[in-house]
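Asks: Residues per chain are reported as follows:
Protein chains: 4
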Amino acid sequence: MQLGLVGLGRMGFNMRERLRAAGHDVVGYDRNPDVSDVASVAELVQKLTGPRIVWIMVPHGDPTRQTVEELAGLLSAGDLVIEGGNSKFTDDQANAALLAENGIKYADVGVSGGVWGAKNGYGLMAGGDAEDIERAMPIFDALRPEGPREEGFAHAGPVGAGHYAKMVHNGIEYGLMQAYAEGFELLSASDVVTNVPETIKAWSRGTVVRSWLLDLLVRALDEDPELTELRGYVNDSGEGRWTVEESINNAVPTPVITASLFARFASRQEDSPAMKAVSALRNQFGGHAVQKSDSES
Amino acid sequence: MQLGLVGLGRMGFNMRERLRAAGHDVVGYDRNPDVSDVASVAELVQKLTGPRIVWIMVPHGDPTRQTVEELAGLLSAGDLVIEGGNSKFTDDQANAALLAENGIKYADVGVSGGVWGAKNGYGLMAGGDAEDIERAMPIFDALRPEGPREEGFAHAGPVGAGHYAKMVHNGIEYGLMQAYAEGFELLSASDVVTNVPETIKAWSRGTVVRSWLLDLLVRALDEDPELTELRGYVNDSGEGRWTVEESINNAVPTPVITASLFARFASRQEDSPAMKAVSALRNQFGGHAVQKSDSES
Amino acid sequence: MQLGLVGLGRMGFNMRERLRAAGHDVVGYDRNPDVSDVASVAELVQKLTGPRIVWIMVPHGDPTRQTVEELAGLLSAGDLVIEGGNSKFTDDQANAALLAENGIKYADVGVSGGVWGAKNGYGLMAGGDAEDIERAMPIFDALRPEGPREEGFAHAGPVGAGHYAKMVHNGIEYGLMQAYAEGFELLSASDVVTNVPETIKAWSRGTVVRSWLLDLLVRALDEDPELTELRGYVNDSGEGRWTVEESINNAVPTPVITASLFARFASRQEDSPAMKAVSALRNQFGGHAVQKSDSES
Amino acid sequence: MQLGLVGLGRMGFNMRERLRAAGHDVVGYDRNPDVSDVASVAELVQKLTGPRIVWIMVPHGDPTRQTVEELAGLLSAGDLVIEGGNSKFTDDQANAALLAENGIKYADVGVSGGVWGAKNGYGLMAGGDAEDIERAMPIFDALRPEGPREEGFAHAGPVGAGHYAKMVHNGIEYGLMQAYAEGFELLSASDVVTNVPETIKAWSRGTVVRSWLLDLLVRALDEDPELTELRGYVNDSGEGRWTVEESINNAVPTPVITASLFARFASRQEDSPAMKAVSALRNQFGGHAVQKSDSES
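Protein chains in written order, with the numbering used here: chain E, 1 to 297; chain A, 1 to 297; chain D, 1 to 297; chain U, 1 to 297.
Next up, chain E with everything else stripped away, as it sits in the complex (with noise of 0.2 Å):
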């Protein structure tokens, strides 16, 4: 099947190889040359023979939107635009008003897998028409893993859906690895178990808590037992703080999806003011003379 893609970063390059090793046809575009097929997004959409499908997997926000205008300028009515990138799910009518001016279509792609899809395929949730899904499905069937297509794969609802269920999906996550963070933290600090990176590698059969994620966790502590060479510094992308936005919108309570956010939030503070404000009142508790006060009262 005959597919353009813009933006061969990280994970586009990786998906281009991945289509191309199934048979597909893939017509790639990026602003770096060295990895362009083409030299421009118009050179890409006039390669492709109608009706077109093609795949934005650019930054989200200003990136994405600005691909999507230029697409529907050069597309024409019945191509399919499909965004693959991190979107907010909020993007997505914006994006599919725009084209359906013109009458092209578009579906969002949630993808997950990282740099290990290259090699293990990318789980994918697909929001759009149905006819539309169908239409770009042996593109899916190449990207996704190997197995039940229903394991790797869901048509999760109408446009948006797809950003929406990679949202909750990286919410999740948040919280699974904090969860698995937190046990870490606890077996290092105690001094009761000694073997610490042989007892999470335990976990990795039979156990309850065996995941993928647990697996990396094994990996990570096989290079680095004590993970010496790390500073506890996270960064957080939009998905969490959108997951979070979207339970208070939705009301729902979300106590470990925040609290992964927070902690991320917290890593990167050299100072906390919040711990300041508290420390200010113990010390005022104190007496002026107490700069750091070591008890309550």
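For the record, the hints were derived by calculation from the structure and aren't laboratory data.
Errors might be hidden in some of the hints.
The calculated lysine-lysine pairs, modelled on BS3-like cross-linking and capped at a C-alpha distance of 30 Å, are [claimed, not checked]:
1. D:K88 with E:K88
2. U:K119 with U:K47
3. A:K88 with U:K88
4. E:K119 with E:K47
5. A:K119 with A:K88
Keeping the supplied structure of chain E fixed, place chains A, D and U upon it in accordance with the hints.
Replies: Just chains A, D and U now, with coordinates in the frame of chain E:
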């Protein structure tokens, strides 16, 4: 290898099966004569040739303690007791000390895997002296899953370390379950994703959140797509509480594990006294006439 | 000083009383003719001598927006609109811009104090240009509590700052209420303290936790010592949600305020879908036969 | 009334002053001869006329226990020991039992107010037999703030109840402080409110969040408007930990109090092992080359 096994409940019964299937000679005792091989713990001990190994698999607390005390009077110097139940790690010190008075050795093993362990094997975390752990290795090898030993078994440290590792394992488990649960609720509450069970099933392969727990959630949703047949009432066993207590003892922040525990507490309350107090405060803002106020002030 | 006041509900009605008691000339309008001084907003504007000041005290969202739009067509350049309701701070920019087209000035004021404000005075936080805040100062002085102006009134910053300050104030309020509520529940659940209401009342003076909210809790417990007449069902207004959203936008960890908001969400759920999912997972551990399992594995 | 007072540190010293100002005859002992009235506890006991009352005000744990043991050997049947330090409520049972062997009575009192108590009076929560509490009432009346007795003193219940009440009081205190601190940080992080200290000061009167702790925060910000002279490093004393432990023992969800405790734990970590683990997991997604990844996958 010969093994005495005290306790043939849900876990012990399956373990006896798995051990026998591996060719071990298991003498099992349970208060329930329908499943027991012998009439008493004394008879069990008598049937074993020294140096004996006796595995305890009864409920933690008093039943375990009483079994240890009984075995202290029946076993001989050089025999080995393995406590495989869900004891608190602090109990292990006392058990080991009691048995040591008679020269009897002690090891503690955390066992994970539930009813699935019978087929998949159990994840094992052991605490004790190296020579004792080594002696019982054929038993551990039969119980643990197939594959490399270190992926399903660890000698976590000295006496107590096995149960400590299992405690933390279960604390993590609480966090993982709650993370998936929050994601499930958010997907269900929002109307963007229309195919929730299908979407969660599509996470089974390729995604970052794939895990055995996710597979269980998929199974559950296959059987009951909206979980209408269940109440959101969740018990907690000791390990989650102990994990939080230990995190406090070690000044380790564990917001995710603790939030998961508190969510279980809250799930069992018909009405929340705390929220009554918040409601009372809001009523006070709004004056006595207002029973349920809609506004902050 | 002359003032137009649109909205004579619980808050606006009391504020008119307090302003008149201070000698101000208030023309009030409300859709309810029983409390309104005039038949329409247009008549209210007509009754005021320029440069006019009109205070809006209607529900936030559409009602406030419509009132601003109506005033934009009725007022003249140099007049001042003060939005004193619980608007989101982002609405203030739009309101100010709309009015500025006609040369009308805008200020926003967060008002705290509830039904008690009529007697005690209201805590006020204002946003806007210094000259506009200064112009309305006699009004602010009449509304705020007696005592030094700076202890009950602040010019918090430019347009939007008043509502932003009120939003954070209410976020803090959520946290304070929840802290007392948790303490109340723990005292009630444990059997160590046998005189719970007396104990909480004894915190009224001298202790570190004494506060106006504590005084309200004491009042509530005086009336209903075990709060048996209340349900633990608590609504939330916009400010708590916006505070959490803003904390996310600014990468500020706010675990306490967020936990307070989530406790309200949970208080309104008959059954928790998330806890159904946790229950489902535990059932899967324990095999299909077990509906409500007591054990982790 | 005559009183022996063992321990003349920050709290005990001020209490002696306040008691003497009220006309009581206080014999104080401290290891520091500069402040002590007598050379030993034995001499203190000798100076009192029976039936004696001796108030202990030394650090909790071993110092308190040793003082109780010493007094057990020095006092006579019918004498009364009052433990006014920050003991854990479970210690009170042991103290009372030890003294009861010699017919000596025991009461425990939680004392709140810090250095300000000298001037304002101390909030008091007492545990013990009614007749013992009644006997010491003149002392309590001198220590507590002016105003109705029940607003600054409570007989909370039997032995242990005083310290239990104080424990919960301090747990609440943690939550209140954290709530203000989060609000302070959010106001500071955002650029909407430009006059943060002024805004917080304006909450002093009329608002829902007014409190003594707020007054202390206003004082602190008066002295150091951005709290630049403080580090966000906050110790915790036993009470916060015990409150969470007790909430777990009673299955009471206390998310706010616990989050406040965890924030203190985190404030003292130079780097977070948990967040190292999260960082390690994210690196594993992104491949080995990436040390600090910006993207989820």
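Asks: Straight-line Cα separation of D:K88 and E:K88 no greater than 30 Å?
Replies: Holds - the C-alpha atoms of E:K88 and D:K88 are around 23 Å apart, at most 30 Å.
Asks: Take a quick look at whether A:K119 and A:K88 sit within 30 Å of each other, Cα to Cα.
Replies: Cα-Cα ~27 Å, so holds.
Asks: Take a quick look at whether U:K119 and U:K47 sit within 30 Å of each other, Cα to Cα.
Replies: This hinted pair holds, its Cα atoms lying about 28 Å apart.
Asks: Given the proposed pairing of E:K119 with E:K47, does the C-alpha separation stay at or below 30 Å?
Replies: holds (28 Å)
Asks: Within 30 Å, alpha carbon to alpha carbon, are A:K88 and U:K88?
Replies: holds (23 Å)
Going through the hint list in order, the structure satisfies each hint without exception.
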